[in-house]
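Chains as they are written, first to last, in UniProt numbering: chain Y, 1 to 375; chain C, 1 to 375; chain H, 1 to 78; chain A, 1 to 78; chain S, 1 to 346; chain F, 1 to 346.
Do not rely on the hints blindly, as some may be mistaken.
Capping the alpha-carbon separation at 25 Å, the derived lysine-lysine pairs in BS3-like fashion look like this [as the list claims (entries may be wrong)]:
#, chain 1, residue 1, chain 2, residue 2
1, F, 116, S, 145
2, H, 11, S, 192
3, S, 145, F, 192
4, F, 145, S, 145
5, C, 291, C, 160
6, F, 192, S, 116
7, Y, 2, A, 11
What the hints contain is simulated information worked out from the structure, not anything from laboratory work.
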Amino acid sequence: MKYADEYRDKELAIGLARAIHAKADPARAYRFMEFCGGHTHAIARYGLEDMLPANVRMIHGPGCPVCVLPAGRIDMAIALAERPEVTLCVYGDLMRVPGSRGASLLKAKARGADIRMVYSTLDAIALAEQNPSRQIVFFAIGFETTTPPTAVMIRAAEKKRLSNFSVFCNHVLTPPAMRAILDSETPIEIDGFVGPAHVSTVIGTEPYAPFARDDGKPVVIAGFEPLDMMQAILMLIEQVNDGRHEVENQYRRAVTGSGNQRAIREVAEIFELRDQFEWRGLGSIPASALKLRPEFAHLDAEQRFVMAELVVADNPACECPAILRGLKKPVDCKLFGTACTPETPIGSCMVSSEGACAAHWTYGRFRDHQRRLAS
Amino acid sequence: MKYADEYRDKELAIGLARAIHAKADPARAYRFMEFCGGHTHAIARYGLEDMLPANVRMIHGPGCPVCVLPAGRIDMAIALAERPEVTLCVYGDLMRVPGSRGASLLKAKARGADIRMVYSTLDAIALAEQNPSRQIVFFAIGFETTTPPTAVMIRAAEKKRLSNFSVFCNHVLTPPAMRAILDSETPIEIDGFVGPAHVSTVIGTEPYAPFARDDGKPVVIAGFEPLDMMQAILMLIEQVNDGRHEVENQYRRAVTGSGNQRAIREVAEIFELRDQFEWRGLGSIPASALKLRPEFAHLDAEQRFVMAELVVADNPACECPAILRGLKKPVDCKLFGTACTPETPIGSCMVSSEGACAAHWTYGRFRDHQRRLAS
Amino acid sequence: MCLAIPAEVIKLLPDDMAIVSIDGVSKEVSVALIEEIAIGDYVILHVGHALTKIDPEEARETLDLLRQMGAAVAEVAP
Amino acid sequence: MCLAIPAEVIKLLPDDMAIVSIDGVSKEVSVALIEEIAIGDYVILHVGHALTKIDPEEARETLDLLRQMGAAVAEVAP
Amino acid sequence: MSMHQRRLDLKNGCVDLSHGAGGRAMAQLIAGLFHEAFGNEWLARGNDQSAFDVAAGRMVMTTDGYVVSPLFFPGGNIGSLAVHGTVNDIAMAGARPLYLSASFIIEEGFAFADLKRIADAMGEAARAAGIAIITGDTKVVERGKADGVFISTAGVGVLPEGLDLSADKARPGDRVLLSGSLGDHGVAIMSKRQNLTFDTEIVSDSASLHDLVADMVAAGGQGIRLMRDPTRGGLAATMNEIAQQSNLGFRLLEEAIPVKPAVAAACELLGLDPLHVANEGKLVAVVAPEVADAVLAAMTRHPLGRDAADIGEAVADDHRFVQMATSFGGGRIVDWLSGEQLPRIC
Amino acid sequence: MSMHQRRLDLKNGCVDLSHGAGGRAMAQLIAGLFHEAFGNEWLARGNDQSAFDVAAGRMVMTTDGYVVSPLFFPGGNIGSLAVHGTVNDIAMAGARPLYLSASFIIEEGFAFADLKRIADAMGEAARAAGIAIITGDTKVVERGKADGVFISTAGVGVLPEGLDLSADKARPGDRVLLSGSLGDHGVAIMSKRQNLTFDTEIVSDSASLHDLVADMVAAGGQGIRLMRDPTRGGLAATMNEIAQQSNLGFRLLEEAIPVKPAVAAACELLGLDPLHVANEGKLVAVVAPEVADAVLAAMTRHPLGRDAADIGEAVADDHRFVQMATSFGGGRIVDWLSGEQLPRIC
Ligand code: SF4
Ligand code: SF4
Ligand SMILES: [Mg+2]
Ligand SMILES: [Mg+2]
Ligand SMILES: [Mg+2]
Ligand SMILES: [Mg+2]
Ligand SMILES: [Mg+2]
Ligand SMILES: [Mg+2]
Ligand SMILES: [Mg+2]
Ligand SMILES: [Mg+2]
Ligand SMILES: [Mg+2]
Ligand SMILES: [Mg+2]
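Only chain Y is shown next, with the shape it has when bound in the complex:
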């Protein structure tokens, strides 16, 4: 796969690993948060942890839009899907996300709700055209990456004058989440950020400037291939070593400073900021999510179906808030691997395979065991 395989090269990885070992100052610890689940996945999938020095620790951030979707929004979607006239279209990742009391879309589907997995927003449009007597609702989730496809779909629905189509909007924004982590009450222990890859293809690198400038945190935008990650880590180490805190762009082949202007324009024309939005594991964050503009109210499922806002408290035993701030690790949670597993996730970090806890469970667990054996 061109533009992917080259960045998975083992020989180059060995070189980069050597460079990281050489550059990392053994006298200090480097704690970098990779914001994105895509980065988390790359770390786990390719076993990057094995190639980093012990004093370079990666902290898995909240960067999976599925994981951060709170139980209340899942409950709302289930209630919507249970309406007899509604067919709810969802991305497959959402099916197992827990609502309150063990509920999930997968279970709601099993119990009779009409829920369809779609691959693309365009599939939802096709479904609405094919089923004029049903109300097709698209469960829109995702960061800045996934919002433009929703915008394209809304334009198509308008053009086709679909009266049986609407959107349950849950799009969220990455910079406010980074801000929330940095502004956390308990001081966080993060020396720099691996910045989003595909979010940045849309919004560019500029929105991260404040974190470097105002918070003094180095940020390196990085692709999702393992060499991208390693190069970004090396760049972060160099910034730390140099005492710099800048926004750098490792993922230059796909990310520019100002992003995809067409996509940004489309999104701005269709969506506007919500005052507040609840994030699983992070709590309520101001101006961190989007809703449809009043001009598109007729396509807004929350209005069409007068959906009541549901808020469900996170499980207090879940350590996600601390894990997402770099203060704890999955194994520090007493529910990890017992009550909380990928089959029965409790907190945001276990929900998708890219959550910190799920990634550790799925790919990394054996290292705890190895460490225990070693000690």
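Got chain Y sorted already, so can you dock chains C, H, A, S and F with the ligands onto it with the hints?
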């Protein structure tokens, strides 16, 4: 089963058989038409033919409302059931009745039409109540026996103000069919009629008076148990022997002269005569069927769905017209048992197990074989 | 045609409904078409509706007649 | 997050659609979000939509840089 | 398996698509519900097949799919039926059943509690028959793509030496033995069908017949030509099948055929013929006239053959008619059921 | 059977409820379509079970239900799959498959033409494997209560003397051999799923593996600990199952595991791991290190094992982790698939 088992007694049958043999004049032939499929069924089911003298021959009449329903009405029902919003409720017997070109409700159901078998008209009402978003149509068929239950259902639909319910009315009348047989162009060879049992519980014996009085044909109303049949045959033989032609009532335990007045009144208030109606095997017969009165037009499926009248010619090779007039027997038809079997019925006489051809196929075939062996 | 069987009324229900029994099988049916109905009556049951009551006197007489007709011949026949 | 892969545009279709190819797999996708698209372009594909074009120059430079970074240490390291 | 999972919520839980996806949820369902219910050493090994020792000789194999609706009915459920039915098809060869396999196709949303009742009934029926369900499979399909649960069982058994029962072996003069009253299963099922509901004391006759068969084989040996269980299509279908395959006819005696009054009444109510109604614990045997009395005596001594009767004989007939002398005194043909078994109005 | 019926309209006809009711229509469907396609002496006898001779020894039995959607896919259809899959579960014991049974559950409205294609594919696959489908069953359910057709096959086979493969027999130090590239079946199926449609040259690997297995057994004998076909849940599920049952861990080498580029690409597109994707013509064997080379050589000589590879080893591990050294140079766990295999966006 009280009021049934007593009339199935073998000892009494032997006595009656003796009496019939004794009374039947060996010098002449007695050709009686049992109008009803119920009688045909009793003859076949209990093997009555074996107990009658060779010169007493029973001719199976058109008295099965399923058999006489023409292919065009089945086609109309199929077209109705194929409408996406319609659920068609039918009595089980209708499922295999052939429409044109091999079509049937069973096959239409297999191909996706929503067709439900019901046991009673009340089931159709329940279905309409349970499925407010679907159009429930009851495929009403039957002679005078089955019309009052349809009337009860229509009253219930009115009372419950069911807006998603209607009736595809195919109720037909027995006296006009008897009239059509008697007025047939080719002279018929029938010496008397075993008159309807359950039709007569509703309409009484009076409507048969003209056939005795004007046509000189003895009529004996008889129950459907085998002893009822044998007694009626004996009574017919006696009338013939005596040169009488009267309406006699063998089925006095359930039939009176004037019938069930309440049922007659209900039917009269809801239904009115059609000018003409097509009978499979008999052709178009004037004033032989019912439709809803204008006051009930809103419950008439033919009006609600603007159903086009479909007329399909009977297969010209089918000998039903002659068989129903007593002129031929099933084995005289060259399609019998080859192209035409109960699995693939072509004419009305093969459609239900009570048709002349089906009854002979199902229960009596072996006698042809025996006769062939004997000769 | 018109499959119908004798059934005994064993319970009256509201809305012109009743429970009938046939040799250990019972079923809820409509008696809306019958003028006056009482427990113990036998009715002719067709597609879930009672069509008419059975007259026990007439039933007995028919049976008697049947017996006589058969017996008469038995006596005269050789 | 945001599963997305590089794909080559092999055919342009009406209504802002295109066929892309990934190592012997081809799929119809939307290119409505891309300003100017041509056959042979590589795009980043996400939920059936092309999000951005890949800049082949930058891609090559990044790889060169990666090589240099590894090689540099290899030379200096013992 | 220790797999860090929450226990199956057997009370309120239900099957979802993950239980068919080959992951941990499926492994848990199989271990926690099916192995639990069927409990035997073969399943415990957790392989995709099971092995067993055989002696030299002749074996039989059969399969049936079970799609009964409703799933639970008076006298049993789809699980007990799926064991009895397949055991019986083995037994009808005169064979002793040994092992069953079970393939489940489950609709998402199906309650664990119902699935457990079904699996428990299977386990119980298997133990009662002295056999084991040694291998199985579980699939889950989307809602609306099944009807609760379908079960296909297959079975193997061993034949006593020298026994070769087959439907082509009837000879004119053979007697037809029926093990008991007709129509109980079909009537019990229909009494619970939507839109048909009636009340009756009749329960399904569903039962494993191999033990009765063993007694019959002991009594009749190679004088038994064939046995068959009159399931779908009833006695009528069975006799016609045999007539076709043996190229002869039958003469049955209606008077000799046991039918319970309530079954007869339900059939009159629905316009059905008891000879067309399904049975799940009855068998028909065609036997040489010399052994008929001995086999019948063995049948009536067995609890499942208490009401057994000699119901007629095989006759030479190129037309392969199944005829019946009616209890009224006449004769008729007993034909296959035409089309589906539908309640009739006329 | 001469039953005075119109011929089945194999071109335009379809199954209706009468074809499952035990009457003449059913008999005709079975004779005209299934017997025709499977054509063998056992079915011709028309019994509800079939008999065969066995020698003293050890046999295996297995069953699987097939609910694949779409029914027809690149490289096969549900019929060929229903033979291959069950043959393979027999073969995974090291056994030689002998006989299959087939239970069909058909949705009314299913086209005869499609049913015939499926039955023909089954017959062909069975003949190619040198086995016979000797007994079967057909049920028809109402529209909306199935998904076209479901097939459950069961099979029996004979074990070579002394062979006892079982998933609890892996020992630390054993080698893991994989017979070919992963994910072809699952990707071929997914490429035709509604809402997922993509184009690829990939066809299902569906195939009967017993012949390959015989060669392996000849080469490795009792040095073969166990074999398993990585179907639902893919290689990941299979290795974890074995780890659980043998109470040990595995270390696999990602570099050694063959995955076709188009399969890898499709997996990237859908966010799936090729190790979780189903295969229907591949096997994993865990073998003693002494015989590993000989068995692998036998595999690569067989057309169905051309791309066979030694992909890792069993290791002592109380945690039963399946670990993998990634081709990038790091290490990871290979876990079961969680929940259902869903395309992902992230
Ligand atoms: S293991 Fe589960 S409960 Fe614990 S921190 Fe992770 S997600 Fe939260
Ligand atoms: S056999 Fe068929 S075609 Fe011939 S007369 Fe009878 S119904 Fe008509
Ligand atoms: Mg069988
Ligand atoms: Mg069977
Ligand atoms: Mg059965
Ligand atoms: Mg299996
Ligand atoms: Mg059987
Ligand atoms: Mg199996
Ligand atoms: Mg298998
Ligand atoms: Mg399989
Ligand atoms: Mg069967
Ligand atoms: Mg297997």
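Results of checking the hints against the structure:
Proximity of residue 116/F to residue 145/S is assessed by CA-CA distance (about 21 Å); at most 25 Å being required, the pair is judged to hold. Our distance criterion of 25 Å between C-alpha atoms is met by residue 11/H and residue 192/S, whose separation comes to about 21 Å. Taking the CA atoms of residue 145/S and residue 192/F, the gap is near 18 Å; set against the 25 Å cutoff, the hint holds. Between residue 145/F and residue 145/S, the direct Cα distance comes to roughly 5 Å. Compliance with the 25 Å bound is thereby established for this hinted pair.
Taken as a hint, the residue 291/C and residue 160/C pair is honoured in the structure, with Cα atoms around 21 Å apart against an allowance of 25 Å. Taking the CA atoms of residue 192/F and residue 116/S, the gap is near 35 Å; set against the 25 Å cutoff, the hint is violated. Restraint check for residue 2/Y and residue 11/A: the C-alpha separation of about 18 Å stays at or below 25 Å, so the hint holds.
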